[in-house]
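Engineer: Chain residues, written in single-letter form:
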Amino acid sequence: MVKVLLKTLVLFLFFILLSSAVYAINVGSVVKNEFVEILSEESVKISMLFWNIEEESYTVKLSVKDAPKNWLIIFDPSEFVLNKSIGEEYIDLPYTDEKIKAKAVNVFVKADTNSKPGKYFIVIRAETKLPQKVNGINVVPERLFEFEIDLKESAVTNRIENGNSVLSFGKEFDLKFEEAKIINSNIKELKNKDNFYIFVMFLVLSVLIIIYKKS
Amino acid sequence: MFYIVNFVWIVFAQESWLEVSLELPDDPTNVVQNRTFTVNATVYCRGGDCNNVYGTVRYNFTSPNPDTPVNITQGEKPFFIQEATPLSMKSCPSNPLIADEFCNITWIINATGDINTNWKVGVLFNSSNIGIQDNHTKNSTMSILSCTLDFSLKWDSIDFESLGPSTTKNAAPGNLDKKYNISVNDGSCNLDLYINGTDLTNTTLNSKISVGNLTWSNTTDDYSTSYNLSYTIVPIKIDVPQSTNVTTWYWLNVPPVYAGHYNGTIFIYGVKNGESPP
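Protein chains in written order, with this note's numbering: chain A, 1 to 215; chain B, 1001 to 1278.
Source of the hints: derived by calculation from the structure; they are not laboratory data. Just to be clear, a hint being listed does not mean it is correct.
Calculated pairs, BS3-like style, for lysine-lysine (alpha carbon to alpha carbon, straight line, at most 25 Å) [said to hold, decoys possible]:
| hint | chain 1 | residue 1 | chain 2 | residue 2 |
| --- | --- | --- | --- | --- |
| 1 | B | Lys1077 | B | Lys1090 |
| 2 | A | Lys152 | A | Lys99 |
| 3 | A | Lys61 | B | Lys1154 |
| 4 | A | Lys101 | B | Lys1120 |
Construct the complete structure from the given sequences, taking the supplied hints into account.
Structural biologist: Pasting the structure below:
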């Protein structure tokens, strides 16, 4: 009751926000390869660029918003500071004559081995972390990127399937191992045969020498 | 006889040379397809006079390094010179160049090549004096990109200043001046813009103003057109083309709460048109 009275009877003004200077925020980005093909046993690299044409720096944090289950997605880097002079590359923007640097980011994607071939989508979120105001309503821009991934059957699986026997990657590996063992044993056999022939030739030669000397 | 010939060659061919540098573009540079970029190169005449000096802007068409003058025909791929009188070879305006004189030449080039292709660009300088060796600038790699995702917020916070409790329809100070602009920048793909927010809280007093007390409009500076902000992400405007400003307006209804400073966040989302909403 007291609290309600306090709330309603507060007569003095209060501050919702006390902010200093107001800054503009620019968020620029591009995905160099939005559509990618990936083999089920391999990973793929998606290249992105991020830039900020303003003087004021902010931090960008990348995270996965949506992805197929058990897919591995790695960002390099996953968090970085951005302003117009940070980055490994340059971006020529039609609306400014200034030299703007762009931060190169690689996104590595590896599909789950149990995923079936087909089209999949990954959504990545780029959060903008601005220096927090002590008081006030901060305005934060965010971006979302959608990638279409075409998952293809791996070359390994294809090869086995063409031989009319569907084998998993593990079985294929076992198969190769067996093949290797067979080859190894064949080599041993060949080596043994070689040794035998050399021995026979040596024996024949020795006998011939003895005959020659005695004669 | 051999020594005389060698001496003549030294005297007439090696006394002057062209010192060159590529000022623009930087290496590597990315450019949006069908947009222009500037190639700018400088040549210094060193060691003596250089007669008339010419610069030719080139790209790698048949070999790993620039070997072909950039096209002057409009629409040609991967580049064409987009100028009133396009010339791939330009003469120095200050010709003939005397010792230690320099000249700077600029070309405006349109990147028409296929998306995700990379090209090397550089400038070859030569003199009308055949005894002076040609010299090529270092190269810059140009990557041609599809449209970008590029937008700017012209403000980073909303300052409602001091407000009384139990007051409604308090307009944000920037409403009158249309300060709360979202610009979809030139070169950007068409974007879908979305908004949501958080409660305004005062952690010391453990008090909050729920997010729905903030309202926003994407049409006019009129409270009656405004929507309540919520945790749910809703569209501000869909399919916004490049070079467009989207103005927003904000109001705050203050419930009967403790006096103090309240903090909150408004999120503005940019998504390429057609992609999944946030």
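Engineer: For each hint, tell me whether it holds in the structure or not.
Structural biologist: Evaluation of the provided hints:
A threshold of 25 Å between alpha carbons decides the hint, and for Lys1077/B with Lys1090/B the separation of about 21 Å falls inside it, so the pair holds. Of the pairs offered as hints, the one joining Lys152/A and Lys99/A is violated, with about 41 Å between alpha carbons and a cut-off of 25 Å exceeded. With a C-alpha separation of about 21 Å, the suggested pair Lys61/A and Lys1154/B falls inside the 25 Å cut-off, and the hint holds. Between Lys101/A and Lys1120/B the CA atoms are separated by roughly 19 Å; this keeps the pair inside 25 Å, and the hint holds.
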